[in-house]
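Based on the hints, put chain X in the right spot on chain R.
Going line by line, the protein sequences match chains R and X. Residue numbers for the first sequence follow our numbering, so the first one is 18 and each next one is one higher. Residue numbers for the second sequence follow our numbering, so the first one is 18 and each next one is one higher.
Among the clues, some could well be false.
The list cannot tell twin chains apart, which means a pair is met if one copy fits it or any two copies do.
As a list, the in silico BS3-like pairs of lysine-lysine whose alpha-carbon atoms are at most 27 Å apart [unchecked claim]: (1) Lys24 to Lys383; (2) Lys55 to Lys334; (3) Lys24 to Lys63; (4) Lys253 to Lys24; (5) Lys55 to Lys277; (6) Lys59 to Lys302; (7) Lys383 to Lys277; (8) Lys387 to Lys277.
Calculated from the structure, these hints are not laboratory results. Since this is a predicted model, take the numbers as computed values, not measurements.
Protein chains: 2
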Amino acid sequence: MVTKKKKMISVAVVGAGMIKFGELFDQSYEDMIVGAYKACLKSVDKGIDEAEIEAAWLGTCVGSLTRREMLSGTRLSEPLALFPMPVTRIENHCATGSDTIRNAAFSVAAGIYDTVLVVGVEKMRDIPSLEAMVDQTSFMQHLWWHPRGQTPPAMFAQFGSAHMQAFGTTREHFARVAVKNHHNGKLDPYAHFQFEVTIDQVLNAPMVAWPMGLLDSCPTTDGAAAVILTRPDRAKEYSHSPIYLLGTGCATDTFHSHNKRSFTEWPATAEASRQAYEMAGIGPKDVDLAELHDCFTCTELITYEDLGFCKKGEGGKWIEEGGPMMEGEIPCNTSGGLKSKGHPVGATGVAQACEIWWQLRGEAGKRQVKNPAFGLTHNLGGTGSISCVNIFGLEPRSSNF
Amino acid sequence: MVTKKKKMISVAVVGAGMIKFGELFDQSYEDMIVGAYKACLKSVDKGIDEAEIEAAWLGTCVGSLTRREMLSGTRLSEPLALFPMPVTRIENHCATGSDTIRNAAFSVAAGIYDTVLVVGVEKMRDIPSLEAMVDQTSFMQHLWWHPRGQTPPAMFAQFGSAHMQAFGTTREHFARVAVKNHHNGKLDPYAHFQFEVTIDQVLNAPMVAWPMGLLDSCPTTDGAAAVILTRPDRAKEYSHSPIYLLGTGCATDTFHSHNKRSFTEWPATAEASRQAYEMAGIGPKDVDLAELHDCFTCTELITYEDLGFCKKGEGGKWIEEGGPMMEGEIPCNTSGGLKSKGHPVGATGVAQACEIWWQLRGEAGKRQVKNPAFGLTHNLGGTGSISCVNIFGLEPRSSNF
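Just chain R, same shape as in the assembly (with noise of 0.2 Å):
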């Protein structure tokens, strides 16, 4: 019987970049990726021969559904001219980008590549038909359990409420999310929406879904990120300031609610989260940033406990206090998040991690965490049956390498 390796990773980020979320009704899939890749090329300190990196990763989920385009990774070859370079195409839901990232990190811990690209791209606003939308946004299945009514707003509202009902969390507690979160994105120039909202105004917009209102609810935007992953023993010659991946985490719940055990809880986030702290040997609270997938502001407020920001029935507490405030205790979402930069599904994640670079690299500007030396990024998928959670630090472990 062999004893079980401890499970390490140690994967450098030498570059990242994305271009500014948005209605992007000027832009395609193609157009998008050109630019994240521009961003992310010239983001690298001394520079990089694109003939070095040689393996690719897409992640993108909504266009084969509603478009019939982005299937495959040659779609990510074409408009970089980088055949015959391999790619491959990622698809697990809203979690898509940071999973897209494990698994081309896994190729380089594994020694087969030195140097890969990750990019993430969607298209949410332009789609073909209205057919198109509802199919996409009821998750629509052909099956006996097939969800009618069942949209993610419906899906994750009955979350926010259950969470009232159990721990006393209130309307503005949420709201104080979509607060902070606006006022995040004003600072970052990425980001979808760039105007700030009051608690009022949260609590007085349009019903979606009881309790999550219109301004409780991240927009649908389109945008693109990329970032470059190497061997953290090659990561110098591309950069002054490379940073690590050192856990990644990735758990899978059911996706039917009439099959959820609790509706104040994602068992897929504390899993993958656990998964990650192991990795990267540190625990919740060593963490200095993170990028939560705030959907909805009761999906963030319900994160901090699974993350284990704080305790468990608490969240609403922990905002109050200003925990995930930029001067608080663990600054959440320093990029505006879902909320106010937008959610392309696939480039969600890979777009997370563009601000973590940017944040452990003192260049988040008037946003900027200070000294932070690990952020975490968190997708959550699928209302809720899918999560992964990457965590990223200033020095690389001693590890496979």
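Relative to chain R, chain X alone:
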């Protein structure tokens, strides 16, 4: 400057199983997944505690296009009760299955997981509407290059006719591929078709897209297949006769006919196989049997050349001389191939690995090749825009372990 490490991989396969391919109107995606998983578990010589499987990969392509199902890795966790196991969904057109094995293997080679599961699955027969079928078969894209009428038969057939013109290949040469694969398929209890065809039958079958007739074309088939991968130093815990993934390659090329440089070769296949041969430390002449992507008979014949089994232009001669026959130089598609076994997209590459598993272990019954040491699998997707090649052998390589 760090010297590039020699790319090597050595990941053990300790289980492989599939369901009988066919028109499985009576089975859902979930039913097929359960069937393949159970068959795979049963194939593990010494048994395996399911709790030792640490992560999984799901390869599936078409369901999320036509039925809005099989999005995200959760679709594998749910029917197998694998929660909270991490599951990544991979889609890479018709190379989905092979690339899913490739990505899963990277995670084991990286030392992140000891033992992982790969499942490929596809329903091709019962689709919700004619519209869905048209969308699916035309690779519809809502863009300027929208290839109206460019269905897979039309796009592959132009390679057949170009090869005929360039090298004097005949429809009889292509027909020999069908005759061989139907013969082999009749010996494979898992094959969709269980009947022989003659050259005359192939030549006189209704024309689909000249020079490809109905019997030059693979059927649309439902099916699922699964393999279990582990660290080579743990393989003997599970299996008396493990086999090993020794090489894996992947390459992309342009999707669009108007951008292709040639219609007599698939550069993606040549490049993917080059990578895989180099990694495995063998050449084409060392391959003892191969499962090739014979979506059409012309595809298989041209692939002989792209894989280096014979020279460019000599595919017709090679099959005439018996090269790919069961008793030939390199038996090709002993399972019956896509042509006779069927082509459930996401399952195809995984089912090819099952055939290599049986052949290398001497368990292929009436279609057993004599003492094979190396087996190769090949997928080609998106009319040549993506290819994956995996090479399996009987002995592990000195590797990253």
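Of all the hints given earlier, name the ones this structure violates by number, lowest first. 1, 2, 6, 7, 8
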